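Generate the whole structure from the sequences, applying the supplied hints.
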Amino acid sequence: MKPKISRSDRDWTTYMDRALELAKLAGDKGDVPIGALVLDIDGKVIAEAHNEREILQDPTAHAEVLALQRAAKKQGSWRLTGCTLVVTLEPCVMCAGALSLSRIDRLIYGASDPKAGATGSLYTVHADPRLNHRIEVMSGVRGVECTEILKEFFRTKRS
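Each residue of the sequence shown is one higher than the one before, counting from 1 in the numbering used here.
Treat the hints as calculated values from the structure; they're not laboratory data. Given the structure is predicted, the values throughout are model-derived calculations rather than measurements. Please note that a few of the clues may not be correct.
Here are the in silico distance ranges between beta carbons for each label pair [to be verified]:
{"no.": "1", "residue 1": "T156", "residue 2": "R130", "range": "40 to 50 Å"}
{"no.": "2", "residue 1": "K29", "residue 2": "A116", "range": "29 to 39 Å"}
{"no.": "3", "residue 1": "E21", "residue 2": "P114", "range": "36 to 46 Å"}
{"no.": "4", "residue 1": "E21", "residue 2": "G140", "range": "17 to 27 Å"}
{"no.": "5", "residue 1": "L101", "residue 2": "V45", "range": "33 to 43 Å"}
{"no.": "6", "residue 1": "K157", "residue 2": "M94", "range": "16 to 26 Å"}
Keeping only pairs whose Cα atoms sit at most 20 Å apart, straight-line, the calculated PhoX-like set for lysine-lysine is [to be verified]:
{"no.": "7", "residue 1": "K157", "residue 2": "K24"}
{"no.": "8", "residue 1": "K115", "residue 2": "K151"}
{"no.": "9", "residue 1": "K151", "residue 2": "K24"}
Note that the Cβ used here is the ideal one computed from N, Cα and C, for glycine as well.
This is the structure we're talking about:
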């Protein structure tokens, strides 16, 4: 049986701080400020990414997908069992599906997304009993900061 990492055995805020730094990089490059990290079972960062949809002109270049791809490449396997994804915004349907398909064990996110969130807000893809994989989800880590960086980005875009 694989060991599980409990919600309380890590300082998730430290990881979210790095995800927020990545989000700021995306915003500075004109992309929606979302950052993501993949951690191995020991809490070591094995991959990180930020949104690159504008940079790559690719609708699938979400921070989560890019981080999963980089982690899989580094691990030499698409199965990311034992890993955790830390991301600043609740994943959309595409990203929630990718998380499930990657067999990642847990998701830690900051801000909820009432318009497109698929891990608790609009949908609960990670808990759909028809799928063969379940993901532990923890939300609200640095939620205020994660929400504010997005609000500021869109305020600036509108003005």
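Here is what the structure says about each hint:
1. Checked against the hint of 40 to 50 Å, the C-beta distance between T156 and R130 comes to roughly 41 Å, which is consistent with it.
2. Taking the beta carbon of each, K29 and A116 are about 21 Å apart, not inside 29 to 39 Å as hinted.
3. Separation of E21 from P114 is about 25 Å and departs from the stated range, judged on CB atoms against 36 to 46 Å.
4. For the pair E21 and G140, the supplied restraint of 17 to 27 Å holds, since their beta-carbon distance comes to about 19 Å.
5. Judged by the Cβ atoms, the range 33 to 43 Å given for L101 and V45 is violated: they are separated by roughly 21 Å.
6. About 22 Å separates the C-beta atoms of K157 and M94, a value consistent with the hinted range of 16 to 26 Å.
7. Distance restraint check for K157 and K24: the Cα-Cα separation of roughly 15 Å lies within the 20 Å cut-off, and the hinted pair is therefore satisfied.
8. With a C-alpha separation of about 14 Å, the suggested pair K115 and K151 falls inside the 20 Å cut-off, and the hint holds.
9. For the suggested pair K151 and K24, the alpha carbons sit about 12 Å apart, so the restraint of at most 20 Å is met.
Taken one by one, the earlier hints fail for this structure at numbers 2, 3 and 5, listed in ascending order.
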